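The task is simple: from the sequences and hints, build the whole structure.
Protein sequences, first through last, are from chains A and B.
This note's numbering applies: residue 1 is where the first sequence begins, and numbers increase by one.
This note's numbering applies: residue 249 is where the second sequence begins, and numbers increase by one.
Don't take each hint at face value.
[Stated by the list, open to error] Derived coverage of chain B by chain A (criterion: at least 3 residues anywhere in the stretch with Cβ under 8 Å from a Cβ of chain A; other residues may be distant):
1) 308–320
2) 335–349
3) 404–418
[Said to hold, decoys possible] Which residues of chain A face chain B? A few of them, derived with a C-beta cut under 10 Å, are:
4) 37
5) 40
6) 41
7) 49
8) 50
9) 120
10) 131
Worth flagging that the hints you see were computed from the coordinates, not collected in a lab.
A quick note: this is a predicted structure, and the numbers were derived from the prediction, not measured.
For each residue, glycine too, the CB sits at the ideal point set by N, CA and C.
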Amino acid sequence: MNTDLFAYTLRLGDDALVAAQRMGEWIANAPQLEEDVALGNIGLDQLGQARSLLSYAAEIEGAGRTEDDLAYLRDEREFTNLLICERPNGDFAVTIARLLYFATYQHLLYDALQGSSDETLSGVAGKAVKEVAYHVDHATQWVLRLGDGTEESHRRMQAGLDQLWPYTGEMLASDDLVGRLAGVAVDPSGFADEWHRRVRDVIETSTCAAPEASYQHTGGRDGRHTEAMGYLLAELQHVARSHPGATW
Amino acid sequence: MTRQSLRPPNPSQAHAPSADALRIREAVGQVLDPEVPVLTIEDLGVLRDVRVDGDRVTVVVTPTYSGCPAMDVIRTRIGDTLDELGVASYEIETVLAPAWTTDWMSDDGKRKLTEYGIAPPTGRRAVGGPVALTLTIRCPLCGSPDTSELSRFGSTACKSLWRCNSCREPFDHFKAI
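Here's what the structure looks like:
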C-alpha cells in the first residue's frame, strides 16, 4: 500500500465528510426554508466528494475496508480532518463564515488538484471544483448581505468571522506529507496568499473588518481534535455501530 | 455488478459500436432520471458509453453532482433494463472524469425540461472561476423574462429556485455547471 497516498486521500475525505455532517445539522433548523435546502444541498455535495475520496482511500489501502468502514468505524484519533470542519455550527453567521473560509480553501485546492499526476484525485477534483464554486458564491452572497445589513447582522457576521479565524492557519499550512507527495498532492501554502486575497476582498466589501492575526490552533491533521469532535462522531456513527452490518 | 471507477476511459480502447451495443444503448438510454422524470439519461448526458465484449456488457455512467442521490436509482434501473433485454453478464461502471457538464444536455432534453416547468441551463458553465453568470431566466410557465432568483440552491443540488414576477409562480432552474 502507498501509505502516503492513503493518508492524503483520507484527510481530504475526512474534511469533506465532517463538513457535510455539520451542514446536515442545519436541515429543519435554518433561518428560512430556502436555507434549509441550500445548506442541505451544499452538505450533499460535500458528502459526495467524501464518498469518492473515502472509496479511493479504501481501494489504496487494499485491506477490505469500504468507504462506510472508514466513515463509521474509525475513532476520533484516526480522523485527520481540519479543526475548522468540526467546530460547532454556532449561529447562522458562524456557519456562513466557515463556509466562506472552507469553500474558498476547497476551491483553490481542488482547482490545483486537477493537475495531480494521480488520475483519480484529478478526476474527483475536476468534478468537485465546479460544485464548490457555488458554495463560495453562496457564502459570499450571505457575508455581503449580513455584513452590510443591519447593525445586529453586522455584529454577528463580524463575530462569526473572528471566532473561526484562529482555525484558518491550519488549512493553509504545509507539512511533510504533502512535501513527500510532490506532483500528486497540493501544498496549501502555495495558495495561501490567494486565499487571503479572496477572503479579505469579500470581508472588506461586506463592511466587516478582516480579523487580525491571532493564535492559530492546529492538530487536526495529526488526529488531535477539539472537544466538539467526539460529540460529532457519536451522532455520525452511533446507528452504524449500534447495528453492525445492518442494511435496508 | 456495480463498480466505481474514477479513472478516465483509456482512449486506446475506443472502437466502433456494434449493432448489439447500439440496440442496448437505445434501450438503456430510455431510463428516466427519477428526480426529473421527463429526462432520459441519454438526454442528460449521464449515459457515457455502452460496450459489448462477447457476452459481456459494460454500461458507463457519470453522476451530475458528486452527491447526486438519483445515481443509485439510475444504476438499479439500468440493471432492470438489461435484465429485461436478457443480458446475462453486465457491469455498470461509474466514471467521474471528464466531469459532467450541463453542456452535454441535448436540445431535446432542454425542450422537455421547459415543458415540464423547469427552466433549462443557460450561459457558460463554471470552470475554475466564478459561477456562471446569468442575465435572465425565462419563466418556463408563461415565458416572461421578468423573473428573480430566490435561492441559488433549489429542490436538488442541480437546480436553483426562481420566481416569475409576471405570473407570480415559483419555478426551478437547472443550473449551468
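Status of the hints after comparison with the structure:
Counting residues of the region 308–320 of chain B whose C-beta lies closer than 8 Å to any C-beta of chain A gives 6; at least three are required, and the coverage claim holds. Taking a C-beta to C-beta cut-off of 8 Å, the region 335–349 of chain B contributes 7 residues in contact with chain A, enough for the three needed, and the coverage statement holds. For the region 404–418 of chain B, the proposed coverage by chain A is satisfied: 3 residues have a C-beta within less than 8 Å of a C-beta in that chain, meeting the threshold of three. Look at residue 37 of chain A: its Cβ gets to within about 6 Å of chain B, closer than 10 Å, so that hint holds up.
Hint status for residue 40 of chain A: holds, given a least beta-carbon distance of 8 Å to chain B, under 10 Å. Because the beta carbon of residue 41 of chain A sits about 4 Å from the nearest beta carbon in chain B, less than 10 Å, this interface hint is met. Because the closest C-beta pair between residue 49 of chain A and chain B is about 5 Å apart, less than 10 Å, the hint holds. Satisfaction of the interface hint for residue 50 of chain A is found here, the shortest Cβ-Cβ separation to chain B being roughly 8 Å, below the 10 Å cut-off.
The interface hint given for residue 120 of chain A is met, as the beta carbon of that residue sits about 4 Å from the closest beta carbon of chain B, less than 10 Å. A distance limit of 10 Å between C-beta atoms decides the matter here; for residue 131 of chain A the minimum to chain B is near 6 Å, and the interface restraint holds.
Checked against the numbered hints above, the structure violates none of them.
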